[in-house]
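A.B. asks: Residue numbers (the numbering used here), protein chains in the order written: chain A, 1 to 460; chain B, 1 to 460.
Hint data in this document are derived by calculation from the structure and do not stem from the laboratory.
Wrong hints could be hidden among the right ones.
Note: identical chains are not told apart, hence a pair may lie in one copy or across any two.
[As the list claims (entries may be wrong)] Derived lysine-lysine pairs resembling DSSO-like cross-links, with alpha carbons at most 27 Å apart:
#, residue 1, residue 2
1, LYS353, LYS394
2, LYS211, LYS233
3, LYS233, LYS260
4, LYS225, LYS130
5, LYS130, LYS359
6, LYS130, LYS394
7, LYS260, LYS225
8, LYS372, LYS359
9, LYS372, LYS353
10, LYS211, LYS225
11, LYS359, LYS394
12, LYS150, LYS130
13, LYS299, LYS372
14, LYS299, LYS211
15, LYS300, LYS372
Small disclaimer: the values here were computed from a predicted structure and weren't measured.
There are 2 protein chains.
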Amino acid sequence: MKLLVHCNHIDAPHITPIASLYNAAMHAIILSIGDELVLGQTVDTNSAYLSAQLASRGIMTRFHQTIADDQDAIAQAFTWASNEADLVIVTGGLGPTEDDLTRQALAQAMGVELVVDEESLAAITGYFAKRNRIMPDRNRIQAMQPRGCKAIPNSCGTAPGMQVQFSRAMIFVTPGVPSELFAMFRLSVVPYLDELAAAQPALRRTILTQKINTFGLGESDIAEKLGELMDRKRNPLMGTTVSDGLVSVRIRSEFDDPQKAQAELDYTITQAERLLGPVVIGRESQTMQAALVELLLAKKATLATAESCTGGLVAKSITDVAGSSAVFAGGWVTYANEMKAAQLNVPMSLIEKHGAVSKPVARSMAQGAIEKSGATLSVAITGIAGPGGGTEAKPVGTIWIAIGSRDQATGTIATDARLYYLPGDREQIRDRAAKCAMQMLRFHIMGIPLDELRWGRKQK
Amino acid sequence: MKLLVHCNHIDAPHITPIASLYNAAMHAIILSIGDELVLGQTVDTNSAYLSAQLASRGIMTRFHQTIADDQDAIAQAFTWASNEADLVIVTGGLGPTEDDLTRQALAQAMGVELVVDEESLAAITGYFAKRNRIMPDRNRIQAMQPRGCKAIPNSCGTAPGMQVQFSRAMIFVTPGVPSELFAMFRLSVVPYLDELAAAQPALRRTILTQKINTFGLGESDIAEKLGELMDRKRNPLMGTTVSDGLVSVRIRSEFDDPQKAQAELDYTITQAERLLGPVVIGRESQTMQAALVELLLAKKATLATAESCTGGLVAKSITDVAGSSAVFAGGWVTYANEMKAAQLNVPMSLIEKHGAVSKPVARSMAQGAIEKSGATLSVAITGIAGPGGGTEAKPVGTIWIAIGSRDQATGTIATDARLYYLPGDREQIRDRAAKCAMQMLRFHIMGIPLDELRWGRKQK
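Based on the sequences and whatever the hints tell you, model everything.
C.D. replies: Shown next as structure tokens:
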């Protein structure tokens, strides 16, 4: 199923100020079921995801409520919510064990019995059969639902969801596992809302949003480049957020006329991307690795990686991208110096003279990666990710990154390297180093001087 | 103030299963106020923090409720919660701007007026004076509170909190900023609970918790192995949760006598770990890669990786662990077949005859990784992570994993491989494949037959 592609993708996309939503045509309530939530063992991220999705469609969520695995309390919440809201989305409590009580509670609230849904039973039996297993007896309960409910197929797990009109509200019940919830939301709630919006003009207000992701400059550099586009009174409205070293620019266009909203959004995006230049990775959830793979495909280039301190993170990131096999030859994780020498032909004397974390070693690794792989491009990373291993001259966070490229005509290999001092802990340093490496590759391919990548750079 | 030390530290300490908490001496409700929460712009982490803190003191949180910045809705929630619970903790809506309405809503619910608290006014004026600023007029509202409330000083910001007995409940109101909330919780709620516990022996129970993480069996296999240890009436009480392929067993011991609670917990953990056997990775937040590195260090073994479909994920995971350089020689990401042949000496004829995703190729990769790295152990992974590349004979999720080992005495290299069919999308398949590979390595090192790792396995 195509939906599975999105199973693990959380987008919290569309930031909708509330003033106009108080007058929204539809109000929602979100219920989350589970002891692990009311006991604080798990932070509820599902409700925020659902609220953001609804807000982007002009639907105001009035309440989130989290309830323990207690059938009476859940049944009361069903009754309350279905009287208070037009749309009720419920997550959790659909598992096969004794403490999963959402089905029973909905039946109690509706005053009906639980009945077996044969299609769901077949799907669950099939799920186990596909794995060469007999369905355990306890999973049978997952095929049951209150009489009158419609089952929602689960493309990622065993528990089907449920949909039913009860009292004032349309109720959707989904599993609490985020990947299953996301898939089911797209499969069942989105089509329902689209249908409603088509029928009710009041739901057809147009709020369009878009996010532009950048890497290579700080937040204030970005704000300076954007200038008056960031005026708070402007529509489309623009704001910046920082996450994992990326600076994202969020744009929101709200107009009565859908065409105007789209045209204004497009115009603002074009202006912003022009002002921001090559630090732009892409829009929405486009990752650095996806942008890099796209560029490699467009240039018919192939890439090899040679990693020391990042330990395979760059290769892992690139191969996250479906279809990367067309441009990624492979890579080396040369953690030990002997591996650098034996596998990438880095002369031991070079390591002894300059240290493994040095410009000559980074360049030699990049050179070796091209020679050994036959790729047209390479990137090499050697540095100190910590927590140990830092010295006064080379503190934790010192990272050399080299780019290697083979001249197609002459076959000559050229290498160039830059030094970064990256902040943070081991995990952050490795993450930022991998991002710097991938952005350097993009700059190199686009013919942009590497020094324009200012993030973490220090002249040497 | 000493409290400030903890301003940014979230601890989710004591995992308390709910069964006995249903009979807890005190019940709590947590209310979170704010448009940013019901719109999904911000994930509510405060409620989980507060619930965990309360659970560790034997107090059951019955509900979380999140409410928009709407005075009537907040007032209704105050009325409802103070009738339903003994303790109500409210976060948010205490700022100086027009959309901060928690004070007004509490006054409305209590049927009293807002009055100025002179001490709070002096504190807020002083807060600004200390920063060489005049207090803006709009901050005056922060010194106001419903008549009858006690102000709680704010050691981190301007908004004081409030405490009041109303209806059945003791109500505490704190700012929504996590650092201010944490400080105020320790400053006001904890002393109140300690005082109650001193007066009411029923609140002086000891609750100790521990989590055991496993990989290699399904949730129902784990339940079967644990048998009557999972009886819902048992103390210590045991429950299981699944996340990212790991099955975790949560244990909670609750007794009046602290020594008895510890002894019973220890005994139950020992029993559980004995019944579960080698699938146990470790306790609490111990990761698979940390457990593997620990085992490699203990056995003075060194490891090399040869990855195709996981594209460096195993190497990346192992090098996540600080200190892994002592056991990790390095690895290859042989994405292209030419790299498998040139770098790992996999005969091209083998790939042509059996395909790159096959037992002989996996074993040959493991063999090459040992030969080329000099490591004592190797792991090789070749499979189809999707979304493309699947066939009827080898569908997406088909993964061969081989272990290679060098006999220390004779120098001979032995290899062995297993086939897995892993469910999910590309990201999940890669994640589970990496975990299978690392768990296979652990089983191999511990001398456990690889077939005991049943997760995703299918006989061939």
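A.B. asks: All hints, please: hold or fail.
C.D. replies: Taking the hints in turn, this is what the structure says about them:
Taking CA atoms no more than 27 Å apart as the test, LYS353 paired with LYS394 passes inside one copy only; the shortest distance there is 15 Å, against 50 Å between copies. In this assembly of identical chains, LYS211 and LYS233 lie within 27 Å of each other by CA distance solely inside one copy; the values are 19 Å within and 51 Å between copies. Taking the closest pair of Cα atoms, LYS233 and LYS260 come within 27 Å of each other only inside a single copy of the chain (18 Å); across copies the shortest separation is 63 Å, beyond that limit. In this assembly of identical chains, the alpha carbons of LYS225 and LYS130 lie at most 27 Å apart only when taken from different copies (24 Å versus 55 Å within one copy).
For a Cα distance limit of 27 Å, the shortest separation of LYS130 from LYS359 across copies, 22 Å, qualifies, whereas the shortest one inside one copy, 53 Å, does not. Taking CA atoms no more than 27 Å apart as the test, LYS130 paired with LYS394 passes between copies only; the shortest distance there is 14 Å, against 54 Å inside one copy. For the homomeric pair LYS260 and LYS225, the shortest alpha-carbon distance inside one copy (25 Å) is at most 27 Å, but the shortest distance between copies (63 Å) is not. When the C-alpha separation of LYS372 and LYS359 is checked against a cutoff of 27 Å, the pair qualifies both within a copy, at 20 Å, and between copies, at 26 Å.
Taking identical chains as interchangeable, the C-alpha atoms of LYS372 and LYS353 lie at most 27 Å apart whether they share a chain (24 Å) or sit on different chains (25 Å). Only within a single protomer do LYS211 and LYS225 lie at most 27 Å apart by alpha-carbon distance; the minimum there is 16 Å, versus 49 Å between protomers. Within a single copy, LYS359 and LYS394 get their C-alpha atoms as close as 12 Å, which meets the 27 Å cut-off; across copies the closest is 45 Å, which misses it. Only within a single protomer do LYS150 and LYS130 lie at most 27 Å apart by alpha-carbon distance; the minimum there is 25 Å, versus 62 Å between protomers.
When the C-alpha separation of LYS299 and LYS372 is checked against a cutoff of 27 Å, the pair qualifies only within one copy, where the shortest distance is 21 Å, while the shortest distance between copies is 33 Å. In this assembly of identical chains, the alpha carbons of LYS299 and LYS211 lie at most 27 Å apart only when taken from the same copy (26 Å versus 50 Å across copies). Within a single copy, LYS300 and LYS372 get their C-alpha atoms as close as 19 Å, which meets the 27 Å cut-off; across copies the closest is 31 Å, which misses it.
Checked against the numbered hints above, the structure breaks none of them.
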